[in-house]
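Residue numbers (my numbering), protein chains in the order written: chain A, 2 to 102; chain B, 7 to 226.
Hint data in this document are derived by calculation from the structure and do not stem from the laboratory.
Note that this is a predicted model, so its numbers are computed, not measured.
There may be inaccurate statements among the hints.
Pair ranges (Cβ atoms, derived) [to be verified]:
#1 N39/A - F100/B: 31 to 37 Å
#2 G104/B - A77/A: 33 to 39 Å
#3 A77/A - A208/B: 53 to 59 Å
#4 R5/A - F100/B: 56 to 62 Å
#5 A210/B - H55/A: 30 to 36 Å
#6 T127/B - H87/A: 53 to 59 Å
#7 N67/B - F47/A: 55 to 61 Å
Glycine included, C-beta positions come from ideal geometry on N, C-alpha and C.
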Amino acid sequence: MAQRLNLQTLLEDLLDSENVYFQPPPGFLMAYPCIVYNRSNIRTKFADNMPYMHRKQYTLTVIDGDPDSAIPDKIAALPASLFDRHFTSENLNHDVFNILF
Amino acid sequence: MAQLITWDAVGDRFYETGVDHGVLYPQIPDGTYPVGVAWNGLTNITESPSGAESNPQFADNIKYLNLLSVEEFGATIEAFTYPNEFAVCDGSAFPELGVAVGQQPRKPFGLCYRTLFGNDTEGTEHGYKLHLIYGALASPSEKAYQTVNESPEAITFSWEVTTTPAPVTGLKPSASITIDSTKVDPADLAALEVILFGVTPATAGRLPLPDEIITLMNQP
């Protein structure tokens with residue numbers, strides 16, 4: 002829980018706004034530019050016959066009307082961040098990243 | 007005619023799996039292993055006995071006899087981490103707290119670990135085996151540190167271990183003893199585990215030498 006809240010704070014600082022949404026429900030009214038993210042995986046390593054450590058992976062989508070937005074560059078510069086794909090929908094640019102946090 | 011021998015009977019489909027409960031016992035100069043510490047993060051222990059190689063001798067135009075070389079016990083330990091007490095077994099010395107100097111003499115150690123012994127009816131609840139290793143010496147090993155990336159991996163440390171056998175009364179010296187929980191007396195096993203793992207901070211675990219274990223398991 003605390004780790005996820007740290008990520009929320011980090012993303013809000015990067016975006017310089019509170020338009021950072023964690024797993025928003027369908028139909029949720031979002032303000033742009035924004036970052037939408039959800040937990041997509043938990044990577045586990047085993048030792049001593051048990052799960053020894055795990056790290057959570059989140060999928061982040063930067064949504065911005067500006068095709069030259071600097072926000073994706075800031076997300077791409079985070080440690081353990083990897084760009085996945087880009088697409089446009091309803092005149093909004095979507096950049097999807099996977100990040101371990 | 008019915009066969010006397012049966013294969014794969016219910017309850018007889020045994021297998022071994024897993025490794026856990028690792029304990030390191032640094033050896034002191036008198037040859038004993040008085041203090042055990044937990045070894046967390048064990049991922050693999052590969053036992054690699056060597057030697058016992060055939061050396062055939064020929065005479066009278068026939069294979070006259072077959073001499074075997076001495077058998078040695080070795081192993082490879084793989085883990086995500088190692089206890090602080092292992093550093094001196096891995097060639098480090100500490101002139102000051104937190105300062106590790108490498109390429110120093112390596113201290114021998116003993117090791118205990120557990121593997122699970124399962125069957126088709128009880129699974130891994132069937133039993134386990136305790137493996138005890140004596141007179142182990144770790145060889146220098148590679149530590150491949152890697153940049154953090156989108157798929158970060160914890161380093162898996164790996165040590166090749168050679169051994170010097172401990173004396174066993176009535177038998178050849180041995181560096182490896184295995185205790186099968188399904189065969190030994192449960193009370194004797196419990197007593198051995200108290201010795202190996204300790205019960206209170208005042209009575210820390212220790213690694214008994216082979217003769218003591220055999221005596222303990224021979225209790226009426």
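Report task. Provide an ascending list of the numbers of those earlier hints which the structure does not satisfy. Result -> The structure breaks hints 1, 4; every other hint is satisfied.
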